[in-house]
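S.K.: What follows is each chain in one-letter form.
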Amino acid sequence: DTAVSQTPKYLVTQMGNDKSIKCEQNLGHDTMYWYKQDSKKFLKIMFSYNNKELIINETVPNRFSPKSPDKAHLNLHINSLELGDSAVYFCASSQVPKGWGEQFFGPGTRLTVL
Amino acid sequence: GQNIDQPTEMTATEGAIVQINCTYQTSGFNGLFWYQQHAGEAPTFLSYNVLDGLEEKGRFSSFLSRSKGYSYLLLKELQMKDSASYLCAVLTGANNLFFGTGTRLTVIP
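Residue numbers (our numbering), protein chains in the order written: chain H, 1 to 114; chain R, 115 to 223.
Honestly, the hints are just simulated from the structure, not real lab data. Just so you know, nobody snuck in bad clues.
Only part of the chain H face toward chain R is listed, based on derived beta-carbon distances under 10 Å:
1. 33
2. 44
3. 48
4. 55
5. 110
Below, computed lysine-lysine pairings styled on BS3-like, alpha-carbon distance capped at 27 Å:
6. H:71 / H:44
7. H:9 / H:71
8. H:41 / R:190
9. R:195 / H:36
10. R:195 / H:44
11. H:41 / R:195
12. H:22 / H:41
13. H:44 / R:182
14. H:40 / R:195
All values reported here derive from a predicted model rather than from experimental measurement. Note that the Cβ used here is the ideal one computed from N, Cα and C, for glycine as well.
Bound conformation, chain H alone (with noise of 0.2 Å):
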């Protein structure tokens, strides 16, 4: 009955490591969003998806990249991994698109590099 449900919820890797986290929603909503939270805990959109279209692109590096293969998923693969990424990572869905309205987050995904 998750409503946004991530994996993993934590990810340790080495730096120079490829990784993806997955995201699915189970609300028939139609758009998806990536956060960032530091470890100050700032919330920052990374991107988001509106029926297979990208459309908030936010000034991140292109070593991430969003991948959606339907309307119920928004995968981030994250290339050759920084120190810096390091980070909790919350996907979100919403009815609406641009983020109009209320905003699902999923669970959060813990991300270390080491």
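Starting from the structure of chain H, add chain R where the hints point.
M.R.: Just chain R now, kept in the frame of chain H:
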């Protein structure tokens, strides 16, 4: 750039009322959100204001003044479980959502 300011930390007593302020300067405005986030958990939606005035929802109320670039979240009859971070977020004119750094509220007995 976008600028959203909130106090970093607040402490209040169980049963009391607390007001968490948020001021913003953004490129356009399409609404303001308040989210609650307990330590180690995901943010959860509390309120959305797009027009001036007060929106009440149980023990929580949110106020907006667009002309002043100001909002507050009012929590009444504080409970210990209200200890959390409260995030103010503004939807800009370009429909991008920007979060403040959050206010960590500690409720004491």
